[in-house]
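There are 2 protein chains.
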Amino acid sequence: MSHRSFDVADWGIGWSGWEETRLARRESVFSLANGHLGWRGTLDEGDPCVVSGAYLNGVHEQHPMPYAEGGYGYPDAGESVINVPDGKVIRLIVGDEPFDIRTGTLESHEQFLDFRSGVLRRDVRWTSPAGLTVRLRSRRLLSLTHRSVAAVDYEIAAVSDAVEVTVVSEIVSDEPLPEVHRDERVRAALRAPLSPVAHRAADDTRATLEFRTRRSGIGVAVAMDHLVEGRAASVDTEASSEQARTTVQARLGAGESLRLVKFVGHEWSPSLSPGALRDRVEAAVGAAARLGWDGLAHEQRAYLDAFWKASDVIVDGVPWLQQAVRFALFQVMQSAARAEVRSIPGKGLSGPGYEGHTFWDAEAFVLPVLTYCLPEAARGALQWRHSTLDHARARARQLHLAGAAFPWRTISGSECSGYWPAGTAAFHVSADISAAVLRYLRATGDGEFERREGVEILVETARLWMALGRWDDDGVFHLDGVTGPDEYSALVDDNVFTNLMAQRNLRGAAASVRTHPARGQDLGVSAGECDEWDAAAAAMAVPFDAGLGIHQQYAGSTERERWDFDGTAREQYPLQDHFPYFDIYRKQVVKQADLVLALHLAHEQFSDEETARAFAYYEGLTVRDSSLSAPAQSIVAARVGHLPLAMDYLTEAATIDLDDLRNDIDDGLHIAALAGVWSALVCGFGGMRDGGDIVAFAPRLASSMKRLSFGVRHRERVLRVDARPEGTTYSLDAGPPMTLRHFGQELVVSPGDPVTRDTPPRADPGPPPSQPRWRSPREVIEADDEPAREDSPARPAVAG
Amino acid sequence: MSHRSFDVADWGIGWSGWEETRLARRESVFSLANGHLGWRGTLDEGDPCVVSGAYLNGVHEQHPMPYAEGGYGYPDAGESVINVPDGKVIRLIVGDEPFDIRTGTLESHEQFLDFRSGVLRRDVRWTSPAGLTVRLRSRRLLSLTHRSVAAVDYEIAAVSDAVEVTVVSEIVSDEPLPEVHRDERVRAALRAPLSPVAHRAADDTRATLEFRTRRSGIGVAVAMDHLVEGRAASVDTEASSEQARTTVQARLGAGESLRLVKFVGHEWSPSLSPGALRDRVEAAVGAAARLGWDGLAHEQRAYLDAFWKASDVIVDGVPWLQQAVRFALFQVMQSAARAEVRSIPGKGLSGPGYEGHTFWDAEAFVLPVLTYCLPEAARGALQWRHSTLDHARARARQLHLAGAAFPWRTISGSECSGYWPAGTAAFHVSADISAAVLRYLRATGDGEFERREGVEILVETARLWMALGRWDDDGVFHLDGVTGPDEYSALVDDNVFTNLMAQRNLRGAAASVRTHPARGQDLGVSAGECDEWDAAAAAMAVPFDAGLGIHQQYAGSTERERWDFDGTAREQYPLQDHFPYFDIYRKQVVKQADLVLALHLAHEQFSDEETARAFAYYEGLTVRDSSLSAPAQSIVAARVGHLPLAMDYLTEAATIDLDDLRNDIDDGLHIAALAGVWSALVCGFGGMRDGGDIVAFAPRLASSMKRLSFGVRHRERVLRVDARPEGTTYSLDAGPPMTLRHFGQELVVSPGDPVTRDTPPRADPGPPPSQPRWRSPREVIEADDEPAREDSPARPAVAG
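So the protein sequences, as listed, match chains F and U. Quick note on numbering: numbering that gives the first Met the number 0 labels position 712 of the first sequence as 711, and the sequence is numbered without any gaps. Quick note on numbering: numbering that gives the first Met the number 0 labels position 92 of the second sequence as 91, and the sequence is numbered without any gaps.
One or more of the hints may lead you astray.
Examples of chain F residues lying across from chain U (beta carbon under 10 Å, computed) [to be verified]:
{"no.": "1", "residue": "Gly70"}
{"no.": "2", "residue": "Tyr71"}
{"no.": "3", "residue": "Ala187"}
{"no.": "4", "residue": "Arg190"}
{"no.": "5", "residue": "Ser194"}
{"no.": "6", "residue": "Val196"}
{"no.": "7", "residue": "Gln397"}
{"no.": "8", "residue": "Gly422"}
{"no.": "9", "residue": "Ala489"}
{"no.": "10", "residue": "Glu558"}
{"no.": "11", "residue": "Glu560"}
{"no.": "12", "residue": "Val748"}
{"no.": "13", "residue": "Asp752"}
Taking beta-carbon pairs under 8 Å as the criterion, some of the chain U residues facing chain F (in silico) [what the hints assert, rightly or not]:
{"no.": "14", "residue": "Tyr71"}
{"no.": "15", "residue": "Val234"}
{"no.": "16", "residue": "Thr423"}
{"no.": "17", "residue": "His577"}
What the simulated footprint calls covered on chain U by chain F, stretch by stretch (three residues with Cβ under 8 Å from a Cβ of chain F suffice, anywhere in the stretch; the number is not a length) [said to hold, decoys possible]:
{"no.": "18", "stretch": "178 to 185"}
{"no.": "19", "stretch": "582 to 592"}
Hints were generated in silico from the structure; no laboratory data involved. Owing to the predicted nature of the structure, the values given are computational and were not obtained by experimental measurement. Backbone N, C-alpha and C define an ideal beta-carbon position, used for all residues, glycine too.
Full structure from sequences and hints, please.
Encoded structure:
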């Protein structure tokens with residue numbers, strides 16, 4: 000069985016034809032965003048539509064958090080992303096009939112998201128029920144150089160007969176969110192979150208709407224302007240408190256066309272006055288209109304050229320994977336490029352999933368990619384975390400801890416988790432943030448960031464670990480009662496992932512304070528406190544099962560009863576939907592890579608033999624009920640030499656959204672899993688390891704790959720790693736020489752002086768480990784039983 | 000500091016004078032109930048009032064259960080006790096002014112609950128703001144012989160001047176419940192749960208109201224009739240859909256009085272037709288009216304005489320304790336006497352606390368008392384559990400288990416817990432129920448009950464344990480991931496209390512099936528299944544810390560970090576209100592007796608030395624944030640010889656409601672803690688142990704006690720144990736001779752032939768163990784800092 004959906008192309012992704020059943024998949028995959036603003040890939044005319052999203056990063060509404068039985072420290076208020084006024088809607092009336100692809104005759108319909116131009120194209124030929132044929136061409140971009148600006152280039156042409164057309168370009172403020180909450184209080188709070196503040200229309204083509212969210216008190220302004228080309232009979236703009244509308248009427252002769260270019264600006268602020276917001280948004284639209292579509296498109300292309308020049312990943316020999324990795328990188332870039340001091344939500348700005356919350360996977364999965372591909376975006380995301388430190392400090396105080404406890408899920412920085420065993424107890428989020436800080440500092444040497452934000456994050460999180468941990472009588476430091484990445488094993492002692500990440504956090508904090516003693520002093524850090532951090536790090540408990548020769552996921556984990564995998568039916572996955580937490584928690588069953596993620600992120604702590612044994616052991620327990628799992632399993636599978644298995648996991652991560660493997664595409668994209676596609680290729684097949692002073696590589700390609708080439712931004716230059724089965728060439732574009740390792744051997748590469756090294760012979764890894772029944776990656780990938788599109792070129796269900 | 004509230008008397012409890020601040024305490028303490036019907040001790044005229052409750056056991060409304068993040072197996076629907084139409088209200092107008100004790104001059108106000116007559120008396124002398132003085136005398140009873148009937152004997156007399164009086168006797172249907180739920184959906188569902196069905200008035204004195212609950216669909220009918228004595232100018236009754244009202248007007252000359260006797264009947268059913276309910280309730284009222292007040296009061300007295308004759312506990316030398324234990328027994332009796340196939344809620348029928356739910360403490364704390372004092376009530380409560388088996392079987396299936404999983408909290412039998420770590424995971428509830436079945440069978444030899452209900456409960460719960468447990472490679476049987484009685488240590492492995500109770504359950508089930516092979520066959524039990532139960536029981540894990548020489552509360556418990564008791568302030572208790580579960584769960588801190596409860600209930604499993612060491616160890620960890628703790632600690636303290644400490648804990652249990660130690664008296668009484676007063680005296684000071692074939696005693700009195708005498712109903716006779724410091728006399732009222740043990744030595748007692756034995760010398764138990772700071776019983780008892788009443792006789796804050 001195969002389940003190809005999209006058209007395969009090197010530098011973009013398209014969909015030819017029309018099937019309403021897969022509408023949500025296109026809406027998410029064709030999402031445009033720039034980190035500040037996001038528009039789902041809905042049709043210009045708005046309908047048909049599954050989820051019509053327009054989002055501004057940070058704009059949310061508060062709602063009550065309901066509990067059947069509350070408890071101390073349970074958050075009172077939740078936060079949900081909301082739809083901001085949506086400027087992407089352009090409705091069309093042909094003759095007297097609304098253009099709707101479900102009526103009349105759809106002669107052709109093509110959508111194509113171009114990764115190099117950053118433009119979503121659409122080309123339609125349609126004959127109305129009355130027999131009038133038109134050609135519709137639209138181009139949509141969210142500017143990467145003017146962060147508040149989106150633009151639509153919209154052209155309608157009469158094909159054979161003269162046609163009366165009316166084009167209605169709108170800003171719509173009342174698009175409903177999917178009602179995911181069962182609780183009526185929550186639904187009520189989110190039903191109409193925008194309260195009108197002001198509206199105005201001017202010059203026939205311009206309008207501005209202003210709103211304020213009812214509870215969270217966030218001001219939002221959206222403005223639009225239009226350029227009209229062609230013989231328009233009338234152009235008129237009106238605005239009401241909830242809607243703005245520019246109506247263009249024209250009579251097109253056969254072959255004649257009407258072009259409308261729409262510029263939409265978006266600003267928000269919790270504190271700016273309505274007047275200030277209006278001035279900003281109208282200025283942004285004015286600037287965009289002066290640049291025009293071509294100007295914006297030109298800047299967009301230039302931005303992306305620079306991005307791809309440094310960061311493109313080339314996979315020769317596997318066309319669908321070539322496309323998938325560029326799609327993944329493009330969407331990861333879009334989620335963060337211009338976020339600036341804002342978060343990277345789990346779904347980016349591509350959908351309302353997880354209520355728009357940001358989780359630990361931003362730092363653990365997305366930031367590794369951004370650090371090496373778009374470090375300025377990584378910096379912005381870390382600055383956002385820094386900006387929420389007061390929330391995290393308050394949370395730590397509430398929990399009777401010290402330092403800062405970052406939230407499990409949040410928009411504003413406040414904890415929004417309503418289930419503490421998988422929220423509050425998952426303290427590793429603070430270590431993941433610190434690890435991202437340390438990685439960013441290693442990769443960029445950004446001393447300014449370290450001084451201004453980095454030290455403080457490291458210090459406050461180090462303090463958290465000291466307050467959380469305890470010394471036993473033998474001088475071992477323990478972290479009891481926490482939840483690691485694996486949400487099927489909650490409230491455990493000495494989770495190895497958490498402990499090793501905390502260890503790195505403590506050491507990094509001590510080192511950073513010693514580098515910036517004045518900052519340490521500002522933060523009240525004594526020399527003794529740094530020594531305590533080092534001592535705790537050195538004494539950190541790391542449970543190991545000597546009998547099996549493997550690390551335990553947590554103290555005693557390997558002694559627990561194993562889940563009855565053979566007695567679990569295919570349709571009983573995900574387990575959390577079919578079994579009580581009670582039973583899941585007490586048995587050996589792993590939702591997502593946990594110890595295996597430690598094998599990757601803290602690789603220096605594990606010998607090759609320990610890595611191989613542990614990987615094999617946890618493969619038998621891991622059910623991948625989280626999208627975060629496959630990338631880590633791919634990386635470690637590649638590391639231990641199981642390249643076909645690594646390819647299977649990579650395929651799962653790469654197709655999770657394209658093939659909607661989890662049946663949740665209406666929520667938006669899995670940004671962290673998409674980031675994991677890059678990591679699986681670069682850290683898995685490329686063998687990149689970045690924990691120490693020197694970046695190391697050990698590229699080994701899958702049998703289907705002829706070449707794997709990727710760029711690594713490192714201290715303001717780009718290292719390109721160009722791997723072929725027989726050997727790898729390292730080249731540097733600028734700056735001082737760079738020392739790195741190739742299969743453990745140091746080499747130095749200088750600009751203009753590429754270095755090529757052979758791939759050493761590989762040891763036989765033995766037979767690959769097996770997974771729980773129904774949960775091998777091949778079974779998961781093949782589980783999608785929707786019919787394949789007839790006309791789609793070959794992307795194998797499972798990569799060979 | 001002392002905090003006596005009520006007047007001390009041997010056979011009742013009273014309150015002289017008036018302080019509005021302690022109103023809720025009187026409302027709960029003066030509650031009347033018969034197990035079917037409950038009326039809080041509110042004033043006849045309805046105001047002032049804190050919580051005006053009238054309850055019918057089982058009548059509840061359903062409401063949604065809200066979750067911020069739901070999960071598999073979370074209950075959808077909750078259940079809450081509601082106020083049924085309240086027939087205790089009799090309003091009075093004197094001249095043109097409503098009688099209200101807060102206006103005019105209250106010259107005297109006495110309330111007295113008489114344990115022998117089962118009547119709540121009230122005597123008031125009041126002068127209206129206009130200067131008219133009246134005497135009000137009311138008597139209220141809830142019949143123990145006519146379960147649906149309540150009656151009020153109400154008399155108003157003019158003292159010196161002639162007075163115009165209007166007496167308005169009502170059934171009120173719209174008394175609000177306290178709004179304890181934060182969630183608006185839940186509040187809405189409970190705001191007006193009764194939907195009117197029918198109403199009628201007849202004969203000037205009679206009225207009937209009928210309702211149906213909106214969601215749970217329960218029909219409720221309440222009827223009243225009146226006898227009027229005295230020179231009434233008019234008597235008139237009217238009924239509307241929400242209210243019934245009998246109005247009596249009279250002009251009383253000086254010294255003249257008007258008497259109104261009100262009879263109120265109550266019936267409910269989920270299935271009966273309105274007509275059938277009406278007929279039943281009107282028939283009950285008619286029968287009551289024919290008996291008249293004196294007839295009802297006579298039967299009430301006879302019922303109570305029989306109860307006290309068998310079950311009175313005499314404590315000479317400690318008057319307040321004499322009163323407290325009779326109060327406790329009286330309220331325990333009231334909660335269950337005529338419940339018949341209905342549950343015993345945590346608050347009995349004395350208040351809306353815990354939403355009227357029934358918990359494990361019904362079986363673990365209340366049924367031991369009822370089994371030996373009112374076995375027919377114990378049988379009814381167990382029959383109720385049996386009647387909910389289908390719910391429990393469905394719950395077990397939902398959890399992928401076998402047999403029956405009884406709910407943590409419920410009214411109907413469906414699980415209503417919204418927090419699974421302290422609900423679903425607390426599987427011990429099913430063992431507690433089985434233990435109560437086995438105890439009832441041992442004490443009564445009720446083969447009919449065993450055959451009809453007992454075997455099935457035992458079999459289905461045994462099946463639960465087999466499905467829950469696992470065999471390890473060494474042939475040990477484990478119960479992983481459960482929560483024991485201590486709610487501060489959730490999701491632990493091999494909780495000793497749970498395991499020992501499950502062991503007893505398994506053995507009891509096997510034995511019962513072998514006694515009733517036909518029933519076993521009906522239930523599909525094979526001989527092999529019984530053998531498996533015995534094998535699992537024999538192999539049950541019982542974690543023991545060999546270094547400390549004590550049993551662990553659960554596997555590894557003694558190795559966990561200790562709570563920082565010295566760093567915890569007095570006002571940070573209860574801990575769950577001031578610290579996150581995360582931190583509480585991972586440390587050694589005990590909310591309520593858990594291993595110590597096992598020392599009591601499974602005493603045969605522990606040597607004296609193990610008992611003493613374990614008691615001392617867990618004393619240092621137990622904070623008693625549950626009212627269920629003090630009784631168990633009292634019992635075991637007495638057993639290991641710490642009699643003053645046992646007395647302190649007994650004092651805490653006995654004053655929990657009388658002195659409102661937990662500041663929650665508006666919720667109603669702590670029925671299980673009150674039952675614990677009996678257990679502390681009988682099982683603690685009396686040393687009664689009932690696990691085996693022969694009941695054993697070992698009475699040792701506190702220094703302040705001159706005599707402790709109690710009755711034990713055993714197989715249709717009463718054993719009276721009459722203990723003095725120097726020795727104990729055992730006597731039997733009827734039936735065949737009874738073999739028992741006195742300090743380990745068997746003796747036989749026959750009717751008419753009492754046996755007296757000396758108290759053997761006691762070994763020095765050493766210094767008493769200490770409790771966490773602020774949590775010694777003395778500190779808890781003294782923590783109530785409300786001012787003492789000036790006029791109250793001496794009940795010491797802490798018993799000497």
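Evaluation of the provided hints:
{"no.": "1", "hint": "Gly70", "result": "6 Å, holds"}
{"no.": "2", "hint": "Tyr71", "result": "6 Å, holds"}
{"no.": "3", "hint": "Ala187", "result": "9 Å, holds"}
{"no.": "4", "hint": "Arg190", "result": "14 Å, violated"}
{"no.": "5", "hint": "Ser194", "result": "21 Å, violated"}
{"no.": "6", "hint": "Val196", "result": "28 Å, violated"}
{"no.": "7", "hint": "Gln397", "result": "8 Å, holds"}
{"no.": "8", "hint": "Gly422", "result": "8 Å, holds"}
{"no.": "9", "hint": "Ala489", "result": "8 Å, holds"}
{"no.": "10", "hint": "Glu558", "result": "9 Å, holds"}
{"no.": "11", "hint": "Glu560", "result": "5 Å, holds"}
{"no.": "12", "hint": "Val748", "result": "48 Å, violated"}
{"no.": "13", "hint": "Asp752", "result": "55 Å, violated"}
{"no.": "14", "hint": "Tyr71", "result": "6 Å, holds"}
{"no.": "15", "hint": "Val234", "result": "48 Å, violated"}
{"no.": "16", "hint": "Thr423", "result": "5 Å, holds"}
{"no.": "17", "hint": "His577", "result": "6 Å, holds"}
{"no.": "18", "hint": "178 to 185", "result": "holds (count 4)"}
{"no.": "19", "hint": "582 to 592", "result": "holds (count 4)"}
The structure does not agree with the numbered hints 4, 5, 6, 12, 13 and 15 stated previously, though it agrees with the rest.
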